[in-house]
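Could you build all of it, start to finish, from the sequences and the hints given here?
There are 2 protein chains.
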Amino acid sequence: MQPQDLDLNYGLLEDILKAFLQNEIRKFGFSSVVLGLSGGIDSAVVAELAVRALGPEHVLALKMPYKESSRESLEHADLMIRRLNIKAEERPVTPMADDFFRDVPEGERLRRGNIMARTRMVLLYDVSARDGSLVAGTSNKTELLLGYGTMFGDMASAVNPLGDLYKTQVRGLARHLGIPSILIDKAPSADLWEGQSDESDLGFSYGEVDLLLYMMLELRMEREAILGEGVSASFYDRVRKMVVRNQYKRLMPVIAKISGRTPGIDFRYARDWQEVR
Amino acid sequence: MQPQDLDLNYGLLEDILKAFLQNEIRKFGFSSVVLGLSGGIDSAVVAELAVRALGPEHVLALKMPYKESSRESLEHADLMIRRLNIKAEERPVTPMADDFFRDVPEGERLRRGNIMARTRMVLLYDVSARDGSLVAGTSNKTELLLGYGTMFGDMASAVNPLGDLYKTQVRGLARHLGIPSILIDKAPSADLWEGQSDESDLGFSYGEVDLLLYMMLELRMEREAILGEGVSASFYDRVRKMVVRNQYKRLMPVIAKISGRTPGIDFRYARDWQEVR
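Protein sequences, first through last, are from chains A and B. Position one of the first sequence corresponds to residue 2 (this note's numbering), numbered consecutively onward. Position one of the second sequence corresponds to residue 2 (this note's numbering), numbered consecutively onward.
Careful, some of the hints might be misleading.
Identical chains blur together in the list; that is why a pair holds if it fits in one copy or across any two.
Listed next, the in silico DSS-like pairs over lysine-lysine satisfying Cα-Cα at most 27 Å (straight line) [as the list claims (entries may be wrong)]:
id	residue 1	residue 2
1	Lys64	Lys250
2	Lys187	Lys68
3	Lys68	Lys88
4	Lys88	Lys187
5	Lys187	Lys64
6	Lys258	Lys19
7	Lys88	Lys64
8	Lys242	Lys28
9	Lys187	Lys19
10	Lys28	Lys258
11	Lys88	Lys28
12	Lys19	Lys64
13	Lys19	Lys88
Think of the hints as simulated: they come from the structure by calculation, not from any bench.
Here it is as structure tokens:
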């Protein structure tokens, strides 16, 4: 298995994702999206797709730095804003985050990271209510499967064009879209503290884990067959456990079933239920 | 149709919900819950159930007042805390909420209400991470169906024992559990601003709408049959539209389907996937 095995027809993919954004946004009478533009590749790709799908006047980028956010991230976000000629607002999260942090010791990085991600969600959703727009999500499939994200934080959105694309495929799409290579080639980071990098956090590269997840999910290969491809047993077991343990992040809250029709269990209409039009 | 038609065997219901809490919490190695105790009937019932299911030492109540929260709400929350002999913490949301409110005009009550609900979610989830506990939800079925709640705010939880109970049934259960009648009989309020009441907000009573929802969902009665029960056409149409329009609040974010196995669409294991034990 090679990373190239995950490659997609990126021209066709661009068309599908543009149609997805147009359809899922306009069917409810909306015409615009707002997204958090972090300076990373995922949000850059979503911004690019949204502009191509809806037009630059219908895309608002929120820059939501914390006082410790890297200068580089903001510069890369500005690079995309100029490239796409879209409106942008800078809404620092420092005041709110620091209020929350008063009760959170400095070393509690995961708790602080979750608080920042959720503070950003509060801002994004308030701006979407202010403007009558929808929040575009930027979580990719690798993050969603590993649970490498914050519930009700960066994982919260109305429409997410990247949720079924491994990071490797987001990179391929980014190259196809002509996203500046400086954003594609730098080490991915959620920028939650200085020098933070996803891959050092996780202890493996996106390239490695994407191949493993692809073999597990898409190819449905058994453990022995995957180990036969040169994947170590410890890596396999660790990733499998991450996927299983984080299933709750991919589901609605558990509701105690009492009646014959329980929201989310057997009262499950599609989002665009027939009466809405 | 009479409100009594919605009545349940509340003794059996208590047993079912206690078993639900025990099972859904302990199966993942947790033993405790944290919940927002507002002084209202829903959170009082969840606190009571949690104590009976897990023991008072495993229930933490967070009181999260805003500077405009009613004194009465806090007193009623304290009433329950004494009754149940549980630990409690007061974490005012005023500093964080006011930071967010700087960009939100005074009159924008819905936006401010959503910000407060999400600020409380951030606190609840941080405390659950701090203590290694799960967040117990307090949204009832009437709220979930009408969309009368905040996504990623009060609707966010790990386990929700009330999600399949109409408000009428929560009241019945509250009486069975012996919840102080002062909490049962007062006008339900999310306490988002002074004098706020759900029923004046909604323009109808919980009793009326529960009967209508029950006929629509559980009894699957057609429009004409329901109007034949004395429900006005305008009330029927308005409630039906609320239920349909808020379906998105009961679903995970929409993900563009690209692969053969898309998180949430056809990669749908139960929350307690077999490997977790």
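Out of the numbered hints, which ones does the structure contradict?
Structure breaks no hint.
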